[in-house]
Amino acid sequence: MSYDKIRTLVPPKAWKHIKATWGTVPTYAMRLEKIRQMMTGLFRYERIECHDKYGLEIQQYTELLLQEAIKYGPRHKPTMETVDFYMIEKDLVHKTFKLFVPRFARFEPPYTKIHFIPTQNREIKRVLLELKGNPFPPVEPRPLDRKGSLVNILLAEAKRDYVRQKVKAESAKEESRDAPVEEPVEATQAKETTEAIKEE
Amino acid sequence: MISRVQPTFSSLLRSYPSVPFPPALPARTFSTTEGRLLIRHQTRMRVVDNSAIGQQCMAAGKWAKVFHVYNKRRVGTLGDKVMVAIMGQKKRGYIVGVVRRQMVPGVPTVDTNNLVLIDESGAPLGTRINVPIPMMLRSKKGDIAKILSIATRFV
Amino acid sequence: MALSRKFALRMAGVDITRITARKESILASKAAKTVLQKDIKDIEKIPPLRPGSEIPASYKYIYPEFLASTDMVRRNTLCEKLVRLDMLKRRTVLSIPEFYPGSIMAVTISDPNAPNKLSRFVGICICRGGNGLNAFIILRNVVDGLGVEIMYNLYNPTVREIQVLRLERRLDDQLFYLRDCAPEHSTVPFDLDVTPHPTGVAVPLNETVLKLNPHPWKTRWELYHFRGITFDPKELPLGRAKQLEKALQPHEWVKFDIMKKYRNQIVLEDQEEMFKDIYQFNNARLEKRRSRR
Chain G
1 MSYDKIRTLV PPKAWKHIKA TWGTVPTYAM RLEKIRQMMT GLFRYERIEC
51 HDKYGLEIQQ YTELLLQEAI KYGPRHKPTM ETVDFYMIEK DLVHKTFKLF
101 VPRFARFEPP YTKIHFIPTQ NREIKRVLLE LKGNPFPPVE PRPLDRKGSL
151 VNILLAEAKR DYVRQKVKAE SAKEESRDAP VEEPVEATQA KETTEAIKEE
Chain V
1 MISRVQPTFS SLLRSYPSVP FPPALPARTF STTEGRLLIR HQTRMRVVDN
51 SAIGQQCMAA GKWAKVFHVY NKRRVGTLGD KVMVAIMGQK KRGYIVGVVR
101 RQMVPGVPTV DTNNLVLIDE SGAPLGTRIN VPIPMMLRSK KGDIAKILSI
151 ATRFV
Chain D
1 MALSRKFALR MAGVDITRIT ARKESILASK AAKTVLQKDI KDIEKIPPLR
51 PGSEIPASYK YIYPEFLAST DMVRRNTLCE KLVRLDMLKR RTVLSIPEFY
101 PGSIMAVTIS DPNAPNKLSR FVGICICRGG NGLNAFIILR NVVDGLGVEI
151 MYNLYNPTVR EIQVLRLERR LDDQLFYLRD CAPEHSTVPF DLDVTPHPTG
201 VAVPLNETVL KLNPHPWKTR WELYHFRGIT FDPKELPLGR AKQLEKALQP
251 HEWVKFDIMK KYRNQIVLED QEEMFKDIYQ FNNARLEKRR SRR
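In order, the protein sequences belong to chains G, V and D.
Quick note on the UniProt record's numbering: the first sequence kicks off at 1 and runs consecutively.
Quick note on the UniProt record's numbering: the second sequence kicks off at 1 and runs consecutively.
Quick note on the UniProt record's numbering: the third sequence kicks off at 1 and runs consecutively.
Hints may contain errors.
Unchecked claim - Quick list of in silico lysine to aspartate or glutamate cross-link-like pairs, EDC-like style, CA-CA up to 20 Å:
| hint | chain 1 | residue 1 | chain 2 | residue 2 |
| --- | --- | --- | --- | --- |
| 1 | G | K71 | D | D257 |
| 2 | G | K77 | D | D257 |
| 3 | G | K5 | D | E80 |
| 4 | G | K19 | D | D257 |
| 5 | G | K5 | D | D71 |
| 6 | D | K260 | G | E68 |
| 7 | D | K261 | G | D84 |
| 8 | D | K260 | G | D84 |
| 9 | D | K255 | G | D4 |
| 10 | G | K16 | D | D257 |
| 11 | G | K77 | D | E252 |
| 12 | G | K5 | D | D270 |
| 13 | D | K260 | G | D4 |
| 14 | V | K141 | D | D111 |
| 15 | D | K276 | G | D4 |
| 16 | G | K34 | D | E252 |
| 17 | G | K53 | D | D257 |
| 18 | G | K5 | D | E273 |
| 19 | D | K255 | G | E81 |
| 20 | D | K218 | V | D111 |
Quick caveat, the hints were computed from the structure, so don't treat them as lab data.
As the structure is a computational prediction, the values presented were derived from the model and not from experiment.
Full structure from sequences and hints, please.
Here's what the structure looks like:
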């Protein structure tokens, strides 16, 4: 199968970091086992907290898996086998195809989001990996509507006032331009009268 | 703000007490390294000229064994002088073919490490080299130019 | 000190990683069969790289150096674009023909040490690799009884001419095992004439299967999926026949490792982007020729 491009902001250096051990020896199978376990957790709880390298790598796997599931669906045998492999708990297979696929078909990729969490030790980076559209309250605060504050009301009104004045001035300018002929005569007449008054 | 209700990875692991361990390859893997194919102490080399002692040792199947490389690194490449042990004697020679892949384009790699024997003055012991020699040796200065005169073919 | 297997093999001149990664390439894939094994006289009938794209699928096999390396750490789109433009500039001066590992080729380079300042070497292309301006080939020939292999960079300005004397393909992407085969299979006469390959005709597949020399071998050829060689497992040294079965079988879970497949490929979207330049270049050339007539 050819894959579509993963549209995440994962840096290429984070592409392959998980090294799980069988006893003391790192093996390929244990690596996949760890990935499986984390993905099962992510699909069940829709938001997990982990080490940054693991989170970034799991993000790639989930993106691809969801992409495949959306593209091919449950009737496609290889897709079903891969989803079945990654979901250790088999009720999550149903959840993927019946809940996630219709949910994410509405979204555009990426379907996951990573948040870096503050830690006491600067060298240890923890990460929160979540699927979009999860039922929990958002990690980052929703932007508040601050239009109702007193300062903003006054500022808004001042802005409107300024605009009104500008409009008035411009319309006055245009009116003066529209009536060109009369103005010089009146001006000269006005001048003559003022001069006459002065002489007197 | 960040709820700690969501489980961490270590707690997930605890929730799977009996993970059926995956089919794994044995931990001990076999070695497939070929070695660095460098010419240094103890390397055996094929004598490529028609000198008497060279022909003798190749016929007997006892290739020349390097025991000194005239080099700071003590590792020889194309055009380096070496001291070899042949048929119980010490002889000097020049490296004229190398198995290690040359990363420089145009420089050939050959199937055997080839050697041309010289005497103490630097003149070749044989009268002909029957095997192709890299063209880049022509640009090397020094005694090696004496050997190139007996070469038949350049690659 | 134990060297990593990949490094040691690379120093010996065997790029084994590419064999396993491109196992599904040229010879096994359906796409290649439709593109390379059919007589396609009309250019329009070649299937496209991707449904809805103008670029033909044959570009993956004719211009593989235009694709970037799969190592994501080395990827840089701007650098790649500039490199592609440089490659096209070189192609205006030097014609780099279509060839595959197994074709017989002649390369002439300008060499200050050579008598006429030109040196020509003829041989079988045993390997083709590199990305961008690092694209290289290795030619092998047996000269005066000595097997000689020379690497050439296709876009090196000292390369004066690249000629394909006989265009054909073999069962494998790399023919390093010729080192451990009889010398007559690697011998090519230096005065071999060009056999022209007519346009539109499929590239012939040379299905010879060679027998390896008796042990010792230079590399453990039995551990890789070479289709062009045979050997008797009973002749292997002690203990290696046991390891053979396990080595040839990939791990049961490799087929589920979706990121591994993704990491080893360049996505079709990006491939299209990379082949766009050469496609436009070729079209411009065709139009020039037509306008001249």
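Hints not upheld, ascending by number: none
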